[in-house]
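Please model the entire structure based on the sequences and the hints provided.
For reference, the chains in residue letters:
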Amino acid sequence: MSEIVRCEHVTKRFGDKYALNDLSLTVDSGKIVGLLGPNGAGKTTMIKILNGLLTPTEGEVLIDGMKPGIQTKSMISYLPDVEYLYHWMTVEQIVSLFRDFYKDFREELAYEMLNRLGIERKAKLKTLSKGNKEKMSLILVMSRNARLYVLDEPIAGVDPATRDYIIGTIINNYNPESSVLISTHLISDIESVLDDVIFIREGRCVLQSTVDEIRGQYGKSVDDLFREVFAW
Amino acid sequence: MVRKLIKYDFVSFLRLLLPVQLIVIGIAGVNRIVQIFEKGGGPAYSIVFVSSIVLLSVACVVALVMCFVIGIVRFYQGLYSKEGYLSHTLPVTAAQHLWSKLIVTMIFEIGTVFTIFLAVNVATIGEVGAELYKALGYLLGQAFSYLHGHLILFIVEGVVMLLVATASSFLRIYFCISIGQLVNRKKILLAFGIYFGIYMLGQIFATILIILGMVLANNEPWMHLAESIGNWVVAHPVASLHTGLISGTLITAVFGLVYFLVSRAIMTRRLNLS
Chain A
0 MSEIVRCEHV TKRFGDKYAL NDLSLTVDSG KIVGLLGPNG AGKTTMIKIL
50 NGLLTPTEGE VLIDGMKPGI QTKSMISYLP DVEYLYHWMT VEQIVSLFRD
100 FYKDFREELA YEMLNRLGIE RKAKLKTLSK GNKEKMSLIL VMSRNARLYV
150 LDEPIAGVDP ATRDYIIGTI INNYNPESSV LISTHLISDI ESVLDDVIFI
200 REGRCVLQST VDEIRGQYGK SVDDLFREVF AW
Chain B
0 MVRKLIKYDF VSFLRLLLPV QLIVIGIAGV NRIVQIFEKG GGPAYSIVFV
50 SSIVLLSVAC VVALVMCFVI GIVRFYQGLY SKEGYLSHTL PVTAAQHLWS
100 KLIVTMIFEI GTVFTIFLAV NVATIGEVGA ELYKALGYLL GQAFSYLHGH
150 LILFIVEGVV MLLVATASSF LRIYFCISIG QLVNRKKILL AFGIYFGIYM
200 LGQIFATILI ILGMVLANNE PWMHLAESIG NWVVAHPVAS LHTGLISGTL
250 ITAVFGLVYF LVSRAIMTRR LNLS
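Order-wise, the sequence lines are chains A and B. Under numbering that gives the first Met the number 0, the first residue of the first sequence is numbered 0, with each subsequent residue one higher. Under numbering that gives the first Met the number 0, the first residue of the second sequence is numbered 0, with each subsequent residue one higher.
Among the hints, a few may not be true.
The calculated lysine to any residue pairs, modelled on SDA-like cross-linking and capped at a C-alpha distance of 20 Å, are [to be verified]: (1) B/K81 <-> A/D80; (2) A/K30 <-> A/M74; (3) A/K123 <-> B/L85; (4) A/K16 <-> B/L181; (5) B/K3 <-> A/I93; (6) A/K129 <-> A/Y164; (7) A/K30 <-> A/N172; (8) A/K125 <-> B/Q76; (9) A/K102 <-> B/V91; (10) B/K81 <-> B/I69; (11) B/K185 <-> A/D15; (12) A/K132 <-> A/G117; (13) A/K121 <-> B/L15; (14) B/K185 <-> A/G14; (15) A/K102 <-> B/T92; (16) B/K6 <-> A/F104; (17) B/K81 <-> A/N131; (18) A/K132 <-> B/L85.
In silico negatives: residues of chain B with every beta carbon more than 10 Å from chain A [said to hold, decoys possible]: (19) L54; (20) Y194; (21) W221.
Because the hints were derived from the structure by calculation, they are not lab data. Think of the CB as a built atom: it goes at the ideal place given N, C-alpha and C, for glycine as much as any other residue.
And the structure:
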């Protein structure tokens, strides 16, 4: 199976603080991978490096064999953990922006999902509720036919019904030949859809395994193993 | 891709600046209407007229300042705030982002100047406007009879210099903001620090250059060179002015290029989006 992501000995320092410390990991094509770790473990830093928003202090990151750059940006569909859409735009304008810049964007699919939520095309993004803004962001990201979906904390801070909606949207819309990297610390909600997991603690990869191996080897669910590994 | 970026950057500027520019034209219209009541208006007319002139002047200054500020704010917000998460994950290069921001800023700078020109025309429609254009025509005619074709060249060189200087000053601000984001905290403070640092360095460098020039001009062998340059300027004032304008434009363009290249390098290799 080919690798879509390879990180080798990646270190990221902010001053004298290590956000990532000699972290190495791989993500295979066609897999849904959970990037799991407690708050401050370095998940978001890792994801930002994958997307070229941060540069590593040391080490190398390769996306389909290429360093983060213009080509990898057209391959990755990224959902950050912040409200990142241009708030002054209307729904129609932001959809047209995605259509203009991403060749793999499926406009009809995006509108179909937006219509189902009752989000109007002429509505300004800043007038949408927090929940609808998050759904809107997810819809735009999942409407791309990308090689790699990178979703940073997609289910954090939302109610259980929205959580189900988000997970359903991810599963129903991603290209099965693509990979999905989901960062979260809410494992029980997402465990059933994961193929592989990567545990991160204090900027280091402490475990990379398939979900089946964890169940077979440890006789535990991923959630239980997580609680054990990251127990205080 | 630059065209697509420009399309969205243009909209982001337009929604903020169009109302301001419409207000400037509106105030100019009010000023012109006030002038209708000039005959037999008395002191009340004078107060209203002067007030509307002051208001128009303030509106013009506000329009220029807002255009300048929005040029900076849109660069910072679009590339180094949360919006940067989207901007920097679009499949476009850092150079394309810089070009788009610069081109749109320049379009609106020119647009604001045009708006002010239009406002002056609206406020002076009629006899005053005709007198103004007559005076301007006379001045240009006098200048043309003395300078001939050089007048057109001076106008072109002056406009190009103004455009290059404006672009370069925005690129300097982009450069400072880009340097500022290299640190993890107090990014804007560092950007201000870098900006004033560059300004101070420029002043110090210029002062040293002037002192050095004065010292050298009074000592052999530079004394003869300075003298022959001085003689050439006196003998060929038109050519020396052309040389000054063109060389000034080129030097400003070189500085702008350096600011552009460093900003591009930071955005490509040292992005630090927090």
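Evaluation of the provided hints:
With a CA separation close to 10 Å, the supplied pair B/K81 and A/D80 stays within the 20 Å bound. Restraint check: the Cα-Cα separation between A/K30 and A/M74 comes to about 16 Å, which is no more than 20 Å; the hinted pair holds. Taking the CA atoms of A/K123 and B/L85, the gap is about 17 Å. The hint holds against a cut of 20 Å. As the CA atoms of A/K16 and B/L181 are separated by approximately 16 Å, the hinted pair is consistent with the 20 Å bound.
Straight-line distance between C-alpha atoms of B/K3 and A/I93 comes to about 13 Å, which keeps the hinted pair within the 20 Å bound. Of the supplied pair hints, the one linking A/K129 and A/Y164 holds, its CA atoms being roughly 15 Å apart against a limit of 20 Å. Among the hinted pairs, A/K30 with A/N172 is consistent with the structure: their alpha-carbon atoms are about 14 Å apart, no more than 20 Å. The straight-line distance between the Cα atoms of A/K125 and B/Q76 is roughly 16 Å, inside the 20 Å bound, and the hint therefore holds.
Distance restraint check for A/K102 and B/V91: the Cα-Cα separation of roughly 13 Å lies within the 20 Å cut-off, and the hinted pair is therefore satisfied. Of the supplied pair hints, the one linking B/K81 and B/I69 holds, its CA atoms being roughly 17 Å apart against a limit of 20 Å. Simply put, B/K185 and A/D15 have alpha-carbon atoms about 17 Å apart, close enough for the 20 Å limit, and the pair holds. With a CA separation close to 12 Å, the supplied pair A/K132 and A/G117 stays within the 20 Å bound.
Simply put, A/K121 and B/L15 have alpha-carbon atoms about 19 Å apart, close enough for the 20 Å limit, and the pair holds. At most 20 Å may separate the alpha-carbon atoms for a hinted pair to count; B/K185 and A/G14 meet this at roughly 14 Å. Only pairs whose Cα atoms come within 20 Å are accepted, and A/K102 paired with B/T92 is accepted, the gap being roughly 16 Å. Using a Cα cut-off of 20 Å, the hinted pair B/K6 and A/F104 holds, with the two alpha carbons roughly 19 Å apart.
Simply put, B/K81 and A/N131 have alpha-carbon atoms about 18 Å apart, close enough for the 20 Å limit, and the pair holds. For the hint linking A/K132 to B/L85, the alpha-carbon distance of about 14 Å falls within 20 Å, and the restraint holds. Once the 10 Å rule is applied to beta carbons, B/L54 is consistent with being away from chain A; the minimum gap is 29 Å. With 10 Å as the threshold on Cβ separation, the claim that B/Y194 sits away from chain A holds: the shortest Cβ distance comes to roughly 24 Å.
With 10 Å as the threshold on Cβ separation, the claim that B/W221 sits away from chain A holds: the shortest Cβ distance comes to roughly 48 Å.
When held up to the earlier numbered hints, the structure conflicts with none and fits them all.
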